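Everything in the sequence shown is counted per the working numbering, starting at 35 for the first residue and increasing by one.
Any given hint could be a false lead.
The calculated lysine to aspartate or glutamate pairs, modelled on EDC-like cross-linking and capped at a C-alpha distance of 16 Å, are [stated by the list, open to error]:
id: 1; residue 1: Lys70; residue 2: Glu91
id: 2; residue 1: Lys81; residue 2: Glu91
id: 3; residue 1: Lys113; residue 2: Asp162
Everything labelled a hint here was simulated from the structure, so no lab data went into it. These numbers come from a predicted model, not from an experiment.
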Amino acid sequence: MTNKIHISRRSIQLLRILVSGIFLVAGSNHLLNTAKTVQRLEQASFKGIAYFFGDPEWLVILSGIVMLGAGFLFLIGYKTRWAAIILLLVLIPITLSVQVGQINTLGPLFKNIAILGGLLFFIINVTDKLFKLK
Numbered sequence: 035m036t037n038k039i040h041i042s043r044r045s046i047q048l049l050r051i052l053v054s055g056i057f058l059v060a061g062s063n064h065l066l067n068t069a070k071t072v073q074r075l076e077q078a079s080f081k082g083i084a085y086f087f088g089d090p091e092w093l094v095i096l097s098g099i100v101m102l103g104a105g106f107l108f109l110i111g112y113k114t115r116w117a118a119i120i121l122l123l124v125l126i127p128i129t130l131s132v133q134v135g136q137i138n139t140l141g142p143l144f145k146n147i148a149i150l151g152g153l154l155f156f157i158i159n160v161t162d163k164l165f166k167l168k
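I would like the entire structure built from these sequences, with the hints used as guidance.
What follows is the structure in structure tokens.
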């Protein structure tokens with residue numbers, strides 16, 4: 035037995051646009067303020083997670099490029115599921131290394147958890163078909 039859940043296409047589109055904004059802003063910030071972002075990472079409790087993947091400066095630059103690229107694709111609704119997966123793969127190590135273990139970043143931690151929920155919505159649900167002309 036399957037139940038149909040009716041959701042407004044406009045609400046899905048709005049959710050996608052709003053969630054993409056954080057990645058476009060964060061990606062730009064990573065590229066325009068690389069040194070400041072690296073400094074935040076160096077002060078983080080779990081910075082070892084980031085150091086495991088390589089040089090922090092290159093990681094910040096690479097994550098900025100990925101967030102801008104995938105964030106833009108997510109914004110326009112092109113390959114939404116794949117863009118969401120890529121953004122999720124960037125969000126998890128950033129969240130674990132920068133925000134976990136620091137009492138003063140509980141707000142940003144739960145913001146990232148909420149963003150994770152938004153990305154999971156688009157990973158679990160195939161929404162691209164809703165916007166294609168028939």
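Among all the numbered hints in the text so far, which are the ones the structure does not match? Going through the list in order, the structure violates no hint and respects every one.
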